[in-house]
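Peer 1: The chain contents come next:
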Amino acid sequence: DTAVSQTPKYLVTQMGNDKSIKCEQNLGHDTMYWYKQDSKKFLKIMFSYNNKELIINETVPNRFSPKSPDKAHLNLHINSLELGDSAVYFCASSQGGSGEKLFFGSGTQLSVL
Amino acid sequence: KQEVTQIPAALSVPEGENLVLNCSFTDSAIYNLQWFRQDPGKGLTSLLLIQSSQREQTSGRLNASLDKSSGRSTLYIAASQPGDSATYLCAVRGTTDSWGKLQFGAGTQVVVTP
Chain A
1 DTAVSQTPKY LVTQMGNDKS IKCEQNLGHD TMYWYKQDSK KFLKIMFSYN
51 NKELIINETV PNRFSPKSPD KAHLNLHINS LELGDSAVYF CASSQGGSGE
101 KLFFGSGTQL SVL
Chain H
1001 KQEVTQIPAA LSVPEGENLV LNCSFTDSAI YNLQWFRQDP GKGLTSLLLI
1051 QSSQREQTSG RLNASLDKSS GRSTLYIAAS QPGDSATYLC AVRGTTDSWG
1101 KLQFGAGTQV VVTP
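Protein chains in written order, with our numbering: chain A, 1 to 113; chain H, 1001 to 1114.
Don't read these hints as lab results, they were simulated from the structure.
Honestly, I wouldn't trust all of these hints.
Claimed, not checked - Listed next, the in silico DMTMM-like pairs over lysine to aspartate or glutamate satisfying Cα-Cα at most 25 Å (straight line):
#  : chain 1 : residue 1 : chain 2 : residue 2
1  : A       : Lys52     : H       : Asp1097
2  : A       : Lys44     : H       : Asp1097
3  : A       : Lys101    : H       : Glu1015
4  : A       : Lys101    : H       : Asp1027
5  : H       : Lys1068   : H       : Glu1015
6  : A       : Lys9      : H       : Glu1003
7  : A       : Lys41     : H       : Asp1084
8  : H       : Lys1001   : A       : Glu100
9  : A       : Lys44     : A       : Glu58
10 : A       : Lys36     : H       : Asp1097
11 : A       : Lys101    : A       : Asp18
12 : H       : Lys1042   : A       : Asp30
13 : A       : Lys9      : A       : Asp70
14 : A       : Lys67     : A       : Glu24
15 : A       : Lys40     : H       : Asp1027
16 : A       : Lys40     : H       : Asp1097
17 : H       : Lys1042   : A       : Asp85
18 : A       : Lys101    : H       : Glu1056
19 : H       : Lys1101   : A       : Asp85
20 : H       : Lys1101   : A       : Glu100
21 : A       : Lys52     : A       : Glu24
22 : A       : Lys44     : H       : Glu1003
23 : H       : Lys1001   : A       : Glu24
24 : H       : Lys1001   : A       : Asp85
25 : H       : Lys1101   : A       : Glu58
26 : A       : Lys52     : H       : Asp1084
27 : H       : Lys1068   : A       : Glu100
28 : A       : Lys101    : H       : Glu1017
29 : A       : Lys19     : A       : Glu100
30 : A       : Lys40     : H       : Glu1015
31 : A       : Lys67     : H       : Asp1097
32 : A       : Lys41     : H       : Asp1027
33 : A       : Lys44     : H       : Asp1039
34 : H       : Lys1101   : H       : Glu1003
35 : A       : Lys71     : H       : Asp1097
36 : H       : Lys1042   : A       : Glu24
37 : H       : Lys1101   : A       : Asp70
38 : A       : Lys101    : A       : Asp38
Working from the sequences, and respecting the hints, build out all of it.
Peer 2: So, in structure tokens, the structure goes:
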């Protein structure tokens, strides 16, 4: 059983399109995250949700909108895609508190043409 | 602003040799530090989590040390195996940061040759 699963694994799309990435975790964790890994391999946090409540909202363009229908799901919708959005997007979850090991999904490689 | 640096960026060792991976951070006000492993096309796997009050953590062949005052952590992997080939990343959480807001280094790519 995959602990944190995200779909799709690969996403190739044209500039200006709108796309979504879905994430689900079956670990019973309270907190979920979206991280972005750029071409230089640095991972940076974008958003986090705790029990469906937005906790972290880093300096991310308004074109990116996370949605958490329940604490096991955190989706990422991106409007008007730009070339610079090409990256690998990782979903992660943790229980929170001091025991905050993060569990990551396998990533979605987004290519904007 | 916290900066996390990992040197070297890449490392190749013969099987059986011990691995030493370095991580440095500029702001010593950290809550914890994690070491992750990233395999190509896969997500990150948390290897060890060290709280700021701890000096080291061990799991099997892995040992991570933390010297908060000097802004350094070292990951030791004993008796390396080809299966240890991966990219290793360290990440810190600052004392004023929310849960899960980690600052990552760029990683050290390790190749263990048979």
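Peer 1: None of the hints should be skipped; say for each whether it holds.
Peer 2: To see whether the hints hold, each was checked on the structure:
no. : hint                  : result
1   : A/Lys52 / H/Asp1097   : 19 Å, holds
2   : A/Lys44 / H/Asp1097   : 13 Å, holds
3   : A/Lys101 / H/Glu1015  : 29 Å, violated
4   : A/Lys101 / H/Asp1027  : 21 Å, holds
5   : H/Lys1068 / H/Glu1015 : 31 Å, violated
6   : A/Lys9 / H/Glu1003    : 30 Å, violated
7   : A/Lys41 / H/Asp1084   : 19 Å, holds
8   : H/Lys1001 / A/Glu100  : 22 Å, holds
9   : A/Lys44 / A/Glu58     : 9 Å, holds
10  : A/Lys36 / H/Asp1097   : 18 Å, holds
11  : A/Lys101 / A/Asp18    : 32 Å, violated
12  : H/Lys1042 / A/Asp30   : 23 Å, holds
13  : A/Lys9 / A/Asp70      : 22 Å, holds
14  : A/Lys67 / A/Glu24     : 12 Å, holds
15  : A/Lys40 / H/Asp1027   : 22 Å, holds
16  : A/Lys40 / H/Asp1097   : 23 Å, holds
17  : H/Lys1042 / A/Asp85   : 20 Å, holds
18  : A/Lys101 / H/Glu1056  : 16 Å, holds
19  : H/Lys1101 / A/Asp85   : 21 Å, holds
20  : H/Lys1101 / A/Glu100  : 10 Å, holds
21  : A/Lys52 / A/Glu24     : 13 Å, holds
22  : A/Lys44 / H/Glu1003   : 12 Å, holds
23  : H/Lys1001 / A/Glu24   : 32 Å, violated
24  : H/Lys1001 / A/Asp85   : 24 Å, holds
25  : H/Lys1101 / A/Glu58   : 10 Å, holds
26  : A/Lys52 / H/Asp1084   : 37 Å, violated
27  : H/Lys1068 / A/Glu100  : 19 Å, holds
28  : A/Lys101 / H/Glu1017  : 28 Å, violated
29  : A/Lys19 / A/Glu100    : 30 Å, violated
30  : A/Lys40 / H/Glu1015   : 28 Å, violated
31  : A/Lys67 / H/Asp1097   : 22 Å, holds
32  : A/Lys41 / H/Asp1027   : 21 Å, holds
33  : A/Lys44 / H/Asp1039   : 18 Å, holds
34  : H/Lys1101 / H/Glu1003 : 14 Å, holds
35  : A/Lys71 / H/Asp1097   : 21 Å, holds
36  : H/Lys1042 / A/Glu24   : 16 Å, holds
37  : H/Lys1101 / A/Asp70   : 21 Å, holds
38  : A/Lys101 / A/Asp38    : 22 Å, holds
The structure fails to meet hints 3, 5, 6, 11, 23, 26, 28, 29 and 30 from the earlier list, while all remaining hints are met.
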